[in-house]
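Go by the hints and put chain B with the ligands onto chain A.
Take a look at the letters that make up each chain.
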Amino acid sequence: MNARIQHVELHAADDGLKPGDVMLNIENVSLSFGGVKAITDISFDIRKGEIRAIIGPNGAGKTSMLNVINGFYHPQQGTITFRGQARSRMQPHEAALSGIARTFQNVALFKGMSTLDNIMSGRTLKMNTNFFWQMLHVGPARNEEIAHRLKVEEIIDFLEIQAIRKTPVGKLPYGLQKRVELGRALAMEPDLLLLDEPMAGMNLEEKEDMSRFILDVNSQMGTTIALIEHDMGVVMDISDRVVVLDYGRKIGDGTPGEVKANQDVIDAYLGVSH
Amino acid sequence: MFYRESGQYKTTYESDQAIFPIREDRIGIAIIMAMALITPFIASEFILASIMIPFLILALGTIGLNVLTGYAGQLSLGTGAFMGAGAYACYKLATIFPDINIVVLILLSGVFSAGVGILFGLPSLRIKGLYLAVTTLAAQFFLEWCFIRIPWLYNYNASGAIEVPERRGFGDLILTGPSATATTRYYVVLAIVVVVTLVVKNLVRGRIGRQWMMIRDMDIAAELMGVRPLWAKLSAFAVSSYLAGVAGAMFVFFYLGAAEPSSFGISLSFQVLFMAILGGLGSLVGSFFGAAFIWILPIALRVGLPAVGVDVGAEIIFQIAQMAVGALIIFFLIAEPHGLARLWAIGKEKLRVWPFPYA
Ligand SMILES: Nc1ncnc2c1ncn2[C@@H]1O[C@H](COP(=O)(O)OP(=O)(O)OP(=O)(O)O)[C@@H](O)[C@H]1O
Ligand SMILES: [Mg+2]
Chain A
1 MNARIQHVEL HAADDGLKPG DVMLNIENVS LSFGGVKAIT DISFDIRKGE
51 IRAIIGPNGA GKTSMLNVIN GFYHPQQGTI TFRGQARSRM QPHEAALSGI
101 ARTFQNVALF KGMSTLDNIM SGRTLKMNTN FFWQMLHVGP ARNEEIAHRL
151 KVEEIIDFLE IQAIRKTPVG KLPYGLQKRV ELGRALAMEP DLLLLDEPMA
201 GMNLEEKEDM SRFILDVNSQ MGTTIALIEH DMGVVMDISD RVVVLDYGRK
251 IGDGTPGEVK ANQDVIDAYL GVSH
Chain B
1001 MFYRESGQYK TTYESDQAIF PIREDRIGIA IIMAMALITP FIASEFILAS
1051 IMIPFLILAL GTIGLNVLTG YAGQLSLGTG AFMGAGAYAC YKLATIFPDI
1101 NIVVLILLSG VFSAGVGILF GLPSLRIKGL YLAVTTLAAQ FFLEWCFIRI
1151 PWLYNYNASG AIEVPERRGF GDLILTGPSA TATTRYYVVL AIVVVVTLVV
1201 KNLVRGRIGR QWMMIRDMDI AAELMGVRPL WAKLSAFAVS SYLAGVAGAM
1251 FVFFYLGAAE PSSFGISLSF QVLFMAILGG LGSLVGSFFG AAFIWILPIA
1301 LRVGLPAVGV DVGAEIIFQI AQMAVGALII FFLIAEPHGL ARLWAIGKEK
1351 LRVWPFPYA
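Just so you know, the sequences run in chain order A and B.
Numbering (our numbering) for the first sequence: 1 to 274.
Numbering (our numbering) for the second sequence: 1001 to 1359.
If you are wondering where the hints come from, they were derived from the structure by calculation, not from laboratory data.
Hints are supplied without guarantee of correctness; some may be wrong.
[What the hints assert, rightly or not] Derived contacts from chain B toward chain A, CB cut-off under 10 Å, selection only:
hint : residue
1    : 1014
2    : 1203
3    : 1217
4    : 1221
5    : 1222
[What the hints assert, rightly or not] List of simulated lysine-lysine pairs, DSBU-like, C-alpha gap at most 35 Å:
hint : chain 1 : residue 1 : chain 2 : residue 2
6    : A       : 111       : B       : 1010
7    : A       : 111       : B       : 1348
8    : A       : 111       : B       : 1128
9    : B       : 1348      : A       : 166
10   : B       : 1350      : A       : 166
11   : B       : 1010      : A       : 171
12   : B       : 1010      : A       : 166
13   : B       : 1348      : A       : 171
14   : B       : 1128      : A       : 37
15   : A       : 151       : A       : 207
16   : B       : 1010      : A       : 151
17   : A       : 151       : A       : 126
18   : A       : 207       : A       : 37
19   : A       : 151       : B       : 1348
20   : B       : 1350      : A       : 111
21   : B       : 1010      : A       : 207
22   : B       : 1350      : A       : 171
23   : A       : 111       : B       : 1201
24   : A       : 151       : A       : 171
25   : B       : 1128      : A       : 126
26   : B       : 1010      : A       : 126
27   : B       : 1010      : B       : 1201
28   : A       : 126       : B       : 1201
29   : B       : 1201      : A       : 166
30   : B       : 1201      : A       : 171
31   : A       : 207       : A       : 18
32   : A       : 207       : A       : 260
33   : A       : 37        : A       : 260
34   : A       : 171       : A       : 126
35   : B       : 1128      : A       : 171
36   : B       : 1201      : A       : 151
37   : A       : 111       : A       : 126
38   : A       : 166       : B       : 1128
39   : A       : 126       : A       : 166
40   : B       : 1350      : A       : 151
Even for Gly, the Cβ is constructed at its ideal location relative to N, Cα and C.
Okay, chain A solo, but in the shape it has when bound (with noise of 0.2 Å):
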């Protein structure tokens, strides 16, 4: 059993691409609504492997960045590039069947349904047994759901919460629901995985267990991670490359050491005059 626990054998899909290839190309991305400009002409990339943080004041346009990245919003001009292939005007649920998925700065889970159905959701796009098994639940229907339950518990076992396999999410606290969210977006078996703050509200270990499952999602599943995060000392502690947004402007991008080190990130953070 601890031999499986600690082999997880979930991994983000083979596409050809190698670590440190360009996987995610943002290009002249600019955002608004109405008169409100959420992003203005940012360009960045993601690279295969890495783990990639959005840092930025309140209002930056870190969340709008992912919901451009996930097809949620559509940006007015740029283009986005993923693995190779530009994309127009892709929707949440294609974003999803191209290997991208996510969480929410907000917890976003399915509030009625148990940790293990919400963690089973992720799986949906990989079941595909027609409405007639499914409706006898027997043979490939059976099969599937069990094989996919196997899948689901290396998870939870992943991220410790077999405690609260059958609790309703809603009941949960704050920081397990982060957990569970986290373990729903891995369930998709991603190649590129969003999150947008995920420690946010939580306390120091809560914060170091969420740093250890980001890490250990990275180097074991092959995860590419892009992060929104508030916590400089994790961002500098955890990430490849750092990319700064403050009123929607791209005002940074390289190491954590070259950020801390640029004067208008300084600036930014400490609040000098504009």
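Chain B with the ligands in isolation, oriented as in the chain A frame:
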């Protein structure tokens, strides 16, 4: 006897995912099924024909609404009309194919109501909540209008009503029509309701049911997990109105015997909605509780009050029952939105830890 999970170790996910994973539940279900089977031998004709048959049929209608509202989160006020669509479809099918077993036709008539349901479910892709309820209300009125204005639907009867023809099946048993016995009708209804309920249970515990609940709980996240709202919502409308249609067809063929457009009016829609709310949205067993409660309460009062010496007349008793149901609905909406099914679950949880309430 204890109601305990402890000691019942599941060694496979298969047994953990079984339909009734707890042994005591399996025993309970077996007892209920046995009782349902022997009911005709101990119950009077009145109980069978006026209580058990309509209760089972309405429970199935409630399950239909529950799929849509309880599981997929789409409010509907058109259940009565969808039941009517099934009833009229079955009537036409029985006219056109007099030799086909009526049970087959009843199961087939649901396909027509499912089609109607999909059509009126299309707006759900754009509108939600109360506004969607209003469009289902439009379905209610439009279909009622059809039942009145399209004489072909009732075979151009002068009365404008549909009358159930006599149909035989399973050997030479009379299944429908005035000379079908209550016992026969009861067993046919019981068989259909049990089988269809099991099928629905299978749907809601698998991928399809999860997709409905995902859309209900957080449609944005659902889309991100690859659920297409179009497919999820329309499949819920289809399954829901299929069940309503089958229930409607049975309502006429095994209970009413004859029906007119007003049989499927808005009051039937509300009655089923109340059954779903009182029983508990998102619970199949709750659908049975809700249907039993709302169907049986007025009858129990009508029979029970005179028996204890309170004789106030049928009309007043009917109104008392209405008020009691109304008050209960309000109580449940405020105090226990998950209805009788939730009370049932709490009761079972308490039993599980009894006699140690804090275990
Ligand atoms: N759907 C929307 N409609 C209108 N304005 C929006 C919408 N989404 C975002 N905005 C605006 O875009 C700007 C950027 O918001 P965004 O949520 O991306 O910021 P953020 O960097 O994630 O901030 P925080 O750290 O507070 O989460 C804000 O001014 C916000 O008000
Ligand atoms: Mg944000």
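**Asked** Has the given pair, residue 151 of chain A with residue 207 of chain A, been kept, meaning a C-alpha gap of at most 35 Å?
**Response** holds (25 Å)
**Message:** Can you confirm whether the C-alpha distance between residue 1350 of chain B and residue 111 of chain A stays at or below 35 Å?
**Reply:** Roughly 23 Å separates the two Cα atoms, so the pair holds.
**Request:** Take a quick look at whether residue 1128 of chain B and residue 37 of chain A sit within 35 Å of each other, Cα to Cα.
**Result:** Between residue 1128 of chain B and residue 37 of chain A the Cα gap is close to 29 Å, so the pair holds against 35 Å.
**Prompt:** Taking 35 Å as the top limit, are the C-alpha atoms of residue 1128 of chain B and residue 171 of chain A close enough?
**Reply:** Holds: residue 1128 of chain B and residue 171 of chain A sit about 26 Å apart, inside 35 Å.
**Prompt:** Within 35 Å, alpha carbon to alpha carbon, are residue 126 of chain A and residue 166 of chain A?
**Reply:** holds (22 Å)
**Request:** Grab the minimum C-beta distance from residue 1203 of chain B to chain A and call the hint holds if it beats 10 Å, violated otherwise.
**Result:** holds (6 Å)
**Message:** Does residue 166 of chain A sit within 35 Å of residue 1201 of chain B, going by the straight-line distance between their CA atoms?
**Reply:** holds (18 Å)
**Prompt:** Holds or violated: are the alpha carbons of residue 171 of chain A and residue 126 of chain A at most 35 Å from each other?
**Reply:** This hinted pair holds, its Cα atoms lying about 28 Å apart.
**Asked** Are the Cα atoms of residue 207 of chain A and residue 37 of chain A separated by 35 Å or less?
**Response** Holds. Residue 207 of chain A to residue 37 of chain A sits at ~32 Å (cutoff 35 Å).
**Message:** Need the status of pair residue 207 of chain A, residue 18 of chain A: alpha-carbon distance at most 35 Å?
**Reply:** holds (30 Å)
**Message:** Between the alpha carbons of residue 1010 of chain B and residue 151 of chain A, is the straight-line distance 35 Å or under?
**Reply:** holds (18 Å)
**Asked** Is residue 1350 of chain B within 35 Å of residue 171 of chain A, Cα to Cα?
**Response** holds (18 Å)
The structure agrees with every numbered hint stated previously.
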